[in-house]
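A.B. asks: Residue strings, one per chain:
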Amino acid sequence: MSLERPDTTDDAAIERTPDELEALLGDLVVKRDDHLNAPGFVIRPDTVQETLSILKEQAGYDHLSVVSAQEYENRYESIYHLKKFDDPTQEVSVVVPADKDDPVSESAEPVFRTADWHEREAYDLIGVEYDDHPDLRRILLPETWQGHPLSMDYDKDRPQIATLPEHANPLQEHHKDDESDTMFLNIGPHHPATHGVLHLKTTLDGEQVVDVEPDIGYLHRSEEQMAQSGTYRHQIMPYPDRWDYISAGLLNEWAYARAAEDLADIEVPEYAQVIRTMGAEMCRIAAHMLALATFALDVNGDFTATFMYAINDRERVQDLLEDLTGQRLMFNYFRLGGVVWDLPEPREEFFSKTRDFLDQLPESVEEYHNLVTSNEIFQMRTIDTGILPPEVAKDYGATGPVARGSGVDYDLRRDDPYGYYDELDWDVVTEDGCDNFSRLLVRMREVEESAKIIEQCVDLLEDWPEEERNIQANVPRTLRPDDDAEIYRAVEGAKGELGIYIRSDGTDKPARFKIRSPCFSNLQTLPEMANGEYIPDVIAALGSLDIVLGEVDR
Amino acid sequence: MGTAPAQLFPEFLVETFGLPGVLGEVVAALIAAAVVGNIVLAFTGVAGPWAKRKITAAFTDRIAVNRVGPFGLLIIPASAVQLLAKELIVPEGVDRPAWDIAPVILPASALLGFSVIPMGRLGPINFHLADPEVGFALVFAFASIASVSLVMAGYASNNKYSLLGGLRAVAQNLAYEIPLIVTAMSVVLFAGTLQMSGIVSAQTTTLVTIAGFDIPAWYAFVNPFAFVLFLTANMAEIGRNPFDIPEAPTEIVAGYQTEYSSAYFVLFYLGEFVHIFLGGAILAVTFLGGASGPGPESIGFIWFVVKIWGFFLFTQWARSALPRVRIDQLIEIGWKGMLVLSFANLVLTAVIVGVIA
Amino acid sequence: MKSMATTMKHALDGSTFTVEYPEDAPEVSPRFRGVHKFSQERCIWCRQCENVCPNDTIQIVQDDQRNGEQYNLHIGQCIYCRLCEEVCPVDAILLTQNFEFTADTKDDFVFNKEQLKNVPWYKGIDPLESRNPDRGAWIGEGDGEVDYQ
Ligand code: SF4
Ligand code: SF4
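Chains as they are written, first to last, in my numbering: chain Y, 1 to 554; chain F, 555 to 911; chain G, 912 to 1060.
Keep in mind that the hints are not guaranteed to be accurate.
[As the list claims (entries may be wrong)] With the C-beta cut set under 10 Å, the calculated list includes, among others, these residues of chain F facing chain Y: (1) 721; (2) 873; (3) 883.
Don't read these hints as lab results, they were simulated from the structure.
Keep in mind the model is a prediction, meaning the values are calculated, not measured.
Every residue, glycine too, gets a C-beta built ideally from N, C-alpha and C.
All chains should be modelled from the sequences, with the hints used to inform the complete structure.
C.D. replies: Rendered as structure tokens:
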């Protein structure tokens, strides 16, 4: 894979109509299968690389958001959701059916590095096999797992018994050879700096990292399957809170709300959108505060005061969120078509609390800059470590602060507007350092932008005429979207592009519910950042990715 | 020096209780050592479970221990019982007896260091166990035995994290021991002696008098540059932030002590705290005038305690605010920066001392 | 090195952010969702709460005349999403603000209707009032299709 940007002639930037794209792909297209969000082209399973490289290099679709796979009565299907980093509203889906009895399809990994993990996941959960894939193994489930849990004939009552010796033993026998002088080190699954249960298989040469391979899946809770067995109207909404469970709840709920509302064609009242926007940005502040806190923990050591100060500020936001939603982390506040409640009474009190928080925020941010970013030792530790060049970031589908810290100007709140964001005045923050320091700086500056957004929302809400405070559209009690409608919709979560793919089958529950987790894609870049660096830099790089394993593993 | 060296603690005991002969001296020495050792251990006892928690809490806007006893002070016995009552887990494949000796060496070496530290007077007693001619060299020798313990623990633990921690400890000690001692040499040049009591008494003269206040000729005031250098090297020597890289819990999971539990863990912890206090004591003796301070000489011990606790506070303060440097950066600072600076300091001091003399 | 000054400032101002729980319990928002309270007098045994619950936390047993016999709710399994309160047409199941509960085993968290009834109100807050002040006003609204939120 070359890292240079492919020849982006000007026609990469132009927006093409679906028909023009079809013409561009020519014979590769077997038929059309349009989704609600994008044109869909069905291709043969052995032309995946060809199709994707044409779309990537000639039409400028340089962002493979997600690969969602599923099984139908008569076939398997992998869908490659493509977008452009420059304009994510231009989307296209490449649909690759595979044979029911022998589901083999060509891997997209040579075109998009990010397909590596996504295809492994599809293999793991659905059972599609990808030809040419460099390393097709299970990714979320243990390697001894029998069957593919999201395939149709999966017997979930069958016990999964694997005796201990059948597992690959991470504690290998003592192994020594005279040739190499590297050392293999397991970082995690239980390690203070893995932010959850993550296992890094690390090969060291002295203190330097030769290779690191993240091993995920320890926190896999079948979130997709759980959503598939819940009703659209009520039962799915409590779960998004539990993906990125660290304060980003409302942002996650919005991802589901956006996808489901577009699927069922629900119009959200403006007033509710403002409340959503405000709540979501509060969550972003809380999430970024935690990212800052834990990053300080990773770099400073475990007695750092920064951690506590940042947690204090996060606590203040959480108090506001508690007043608003009734819960501190698992909000379940959004409903399809709006939010569940209006602002708490007395409204003035809530507004003044919020303003108090916003007023003291600049002071806190100043303090963090004193504590962290302007500290010489801190700069020494983080600047120019964990380098992630922008092209690599794009190739891996990195989004959110990780991509913006590498200068990739991509923020769905602005580029694919939803909610009330396009009416408000704020900026997308990017930094060009591509290092650990930049990623932290992006988050710290985003906190200030979020504060700006909240402030404007509060102004708007204060002046909102009482009779127009409509918090919910009228949504039927049971929601049955049209049969076989498919949609992929994403929002800017705390960690990046959080997308949901839903296929409906005419019932009140989704037939396929696929979560595109930003952390999952972001974590994939770790080896790129870490190889050749020292152990402390790997830890810092991991901290700067700000992953939440609940979202990586789902 | 002029004044006769002050009576040492064991001599005092011999005289007061009229202990006869060699046996008497041995008994007196043992008693004196036990008293001093207990004082130091009492400090660590207070420091570890209580003061450290309180100080860290103050820096982070928290309350910390306040339930058990007044100001939570009874947490000290509570923690002790809790720690000692835990199961001692001996991992498979550890290299015994090295694994068992390591946790003893660390506190022992640090305690040994206190044998030559003049801790000042409290009433008639001069808390100073021995005052050999080469006391100054001795104390550094004792202090650096600690790294042997760390390497031993790291190697014997049969754990890769511990091994990394042990190796880091060696690298760090090599990089910092030399600047530390070279900087200390500049003090020796000033004082003209390696005897601890001599170094202290050389700092009792008045440097300047400002507005009626006598600023004593503590070497920290005489040569602030050397003081800062020494302070930094000392922090690295005792392995505290920003130089706690042999432990680095978020990177290598407490390094050399990963595999230790229960009593062994307590010994390590104890050793670390004694080491901090020894670092503080060395600093006080070399740069802060030992036990001198305002008031009569007979409360010197109190000043000394204040100074070493001040140093302890400083380590905790740095811990709350400073990031940890990376091992390669540390070595670079040590070899390329500190070493050069300390030699420059030494040469300069030598020239100045030569010119004055 | 401004960081040293910053932490020292915090150390010296003497204020603390943490509190001495339980003597000094932090305020709980009026909307906070805690342990359920159930009222058998109100319940019409329509089983909507049981149906909506996303993780089968509520178990209702009825006799053959569809009269309610048991109402069990596993407060240790519950995810406190409040959907049961939301769908209940007669406000028979409510979430109080109580957030402190302990038990020796997880099974002790299965509350039957008596236990649920005895869950105390928290500081006299009426949760429904604070969550949905105008609930009563718009419950009867809309033509035909009534949507309980
Ligand atoms: S709060 Fe949610 S999880 Fe708990 S019982 Fe009610 S519906 Fe079920
Ligand atoms: S929804 Fe309300 S009325 Fe119906 S069964 Fe549940 S508690 Fe009773």
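A.B. asks: Against this structure, judge whether each hint is valid.
C.D. replies: Each hint tested on the structure:
1. Restraint check, residue 721 of chain F versus chain Y: the minimum CB separation of about 8 Å is within 10 Å; hint holds.
2. At about 5 Å, the closest approach between the beta carbon of residue 873 of chain F and any beta carbon in chain Y falls short of 10 Å, and the interface hint on this residue holds.
3. The interface hint given for residue 883 of chain F holds, since its Cβ lies 6 Å from the closest Cβ of chain Y, which is under the 10 Å cut-off.
In this structure, none of the earlier numbered hints is contradicted; all agree with it.
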